[in-house]
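Whole structure, please, built from the sequences with the hints as guidance.
Under the working numbering, residues 1 to 427 are what the first sequence spells out, in order.
Because the hints were derived from the structure by calculation, they are not lab data. Values in this document were obtained by computation on a predicted structure and should not be read as measured data. Do not rely on the hints blindly, as some may be mistaken.
[To be verified] Restraint-style ranges between C-beta atoms, simulated for each label pair:
1) Ser198 <-> Ala400: 57 to 63 Å
2) Gly389 <-> Asp18: 51 to 57 Å
3) Thr218 <-> Gly329: 55 to 61 Å
4) Gly328 <-> Gly377: 20 to 26 Å
5) Gln295 <-> Arg416: 17 to 23 Å
6) Ala94 <-> Gly32: 39 to 45 Å
7) Glu115 <-> Ser372: 54 to 60 Å
Beta carbons are placed, not taken as given, at the ideal position from N, Cα and C, and that holds for glycine.
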Amino acid sequence: MDRMDLLDDLAGRGLLHDTTDRQALAARLSSGPIALYIGFDPTADSLHAGHLVGQLFMRRFQLAGHRPFPLAGGATGMIGDPGGRSEERNLLDADTLAHNVSRIQAQLSRLVDFEPGPYQATLVNNADWTVSIPMLDFLRDVGKHFTVNQMIAKDSVRSRIDSEHGISYTEFSYMLLQAHDFLHLHQTYGVELQAGASDQWGNITAGVELIRRRTGATAYAATHPLMVRADGSKFGKSVGGAVWLDPARTSPYQFRQFFVQVGDDMVGTYVKMLSMRPLAELVELLERHEAAPEQRLAQRALADELTELVHGREAAETARAAAEVLFGGDPSRATAATLAAIAAEVPSVTLDGDIEGRRVHELLTAAGLAASNSEVGRLLAQGALRAGGRVLAADGLLRASDLLDGGYLVLRRGKRDYLVGKTSRAG
RNA sequence: GGGUCGAUGCCCGAGUGGCCAAAGGGAGUUGACUGUAAAUCAACCGGCAACGCCUACGGAGGUUCGAAUCCUUCUCGGCCCA
1 MDRMDLLDDL
11 AGRGLLHDTT
21 DRQALAARLS
31 SGPIALYIGF
41 DPTADSLHAG
51 HLVGQLFMRR
61 FQLAGHRPFP
71 LAGGATGMIG
81 DPGGRSEERN
91 LLDADTLAHN
101 VSRIQAQLSR
111 LVDFEPGPYQ
121 ATLVNNADWT
131 VSIPMLDFLR
141 DVGKHFTVNQ
151 MIAKDSVRSR
161 IDSEHGISYT
171 EFSYMLLQAH
181 DFLHLHQTYG
191 VELQAGASDQ
201 WGNITAGVEL
211 IRRRTGATAY
221 AATHPLMVRA
231 DGSKFGKSVG
241 GAVWLDPART
251 SPYQFRQFFV
261 QVGDDMVGTY
271 VKMLSMRPLA
281 ELVELLERHE
291 AAPEQRLAQR
301 ALADELTELV
311 HGREAAETAR
321 AAAEVLFGGD
331 PSRATAATLA
341 AIAAEVPSVT
351 LDGDIEGRRV
361 HELLTAAGLA
371 ASNSEVGRLL
381 AQGALRAGGR
391 VLAADGLLRA
401 SDLLDGGYLV
411 LRRGKRDYLV
421 GKTSRAG
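Shown next, in the form of structure tokens:
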């Protein structure tokens with residue numbers, strides 16, 4: 001993308017919440033490559049869907065010819081950002097933090113390009129330049145440039161001071177650490193722009209201020225809106241909790257499903273904020289979606305694109321195939337890989353021996369898919385049970401031919417519930 | 001402390017000796033419809049080796065050919081009087 005178009009493109013996607021002097025920033029961006037950073041605090045050992053906006057924000061800059069510096073907050077994570085919460089954080093111990101940082105670094109390195117070259121991304125960790133600073137130096141070199149008056153004026157601090165829990169001195173100093181990060185990156189790598197979610201505005205501008213006072217240079221700030229759901233609640237939570245980027249916490253299938261199930265009211269917003277496709281294409285996609293919302297074109301396109309970005313092409317394709325089966329498709333033509341993905345999502349049992357002539361009753365009750373043999377009998381009578389694509393007869397007897405590719409038995413109860421039996425042949 | 005009413009299936013709530021696995025409603029399940037939405041309609045909705053048997057109407061004991069229903073007692077709860 002042409003550098004001159006970047007801010008307009010971001011604005012068109014609803015990704016610009018606020019910037020320092022927009023004209024100046026636009027002029028700076030068009031004059032040549034800029035280095036920018038976004039910080040991610042390691043409060044868990046994985047980022048989640050809500051972090052995607054920020055990561056992709058950096059990717060957009062990189063594709064426009066700029067150099068991103070994704071930052072893992074090994075230092076700030078020890079303190080905790082006071083914003084967005086009503087009470088004090090629990091501090092993480094050093095081991096947990098180190099573990100979290102290493103995992104998050106791996107995730108940060110997926111969505112931006114680290115290949116050597118002019119736009120190469122650089123992964124940084126603020127613990128590297130923070131842990132060894134003498135306290136007196138910090139107070140003199142950083143603290144001296146801020147008045148408590150302006151610090152307590154920030155919304156995130158204000159709301160905590162007004163709350164019954166108050167705010168500790170530790171969290172109060174978070175802003176200074178983040179400001180110092182910006183200064184450090186500015187001096188070390190020439191980073192001129194810090195981006196982040198809109199709730200980071202105060203912390204980011206603190207850094208802009210510090211750079212100006214210490215070096216006289218102009219630095220820039222840009223924030224994107226926090227992603228929220230239609231009801232205003234936090235984005236990225238599903239029934240099972242947060243939607244993580246780590247496939248061990250949230251499988252590629254579940255990750256994809258989260259986006260497939262986005263409501264029509266929000267899908268337009270999400271598509272524009274998250275898809276890397278050109279805005280014009282997205283406008284056209286959304287028009288087609290609105291003409292036939294039942295096809296979930298926008299949701300599927302977004303889900304497929306993001307799953308592929310985060311988990312890779314192969315995992316995305318398997319997740320898509322698994323969803324097709326789990327939402328009514330015929331499992332008998334599914335590949336072994338798809339069946340394995342399905343087995344990971346639904347209850348499963350190990351099958352010993354031959355299934356020819358075996359009753360499904362015990363399999364279903366043992367797996368909790370039916371409460372009793374009586375219930376299995378009722379389900380059979382209602383034609384609610386299938387093995388592979390075959391509706392089971394009232395006797396509930398299985399056939400050897402019900403085993404699918406790779407030795408999987410796929411039992412379906414009603415529309416939604418599945419049980420996968422794995423024979424010794426299955427992986 | 002005295003009196004009185006009550007305790008029923010996941011929830012609410014009928015039932016006051018056999019016709020009671022227990023009305024009705026809600027929830028839930030399945031099917032039809034459908035957009036991986038909602039609504040609507042229908043069936044199901046204790047268990048089992050299943051035209052029968054077992055378990056179950058707060059707990060224990062009793063009366064009776066037969067008890068959710070009657071008696072005794074215990075536990076818990078509502079209300080009234082001290």
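Practice problem: Just pull the numbers of the violated hints for me, sorted ascending. | Solution: none
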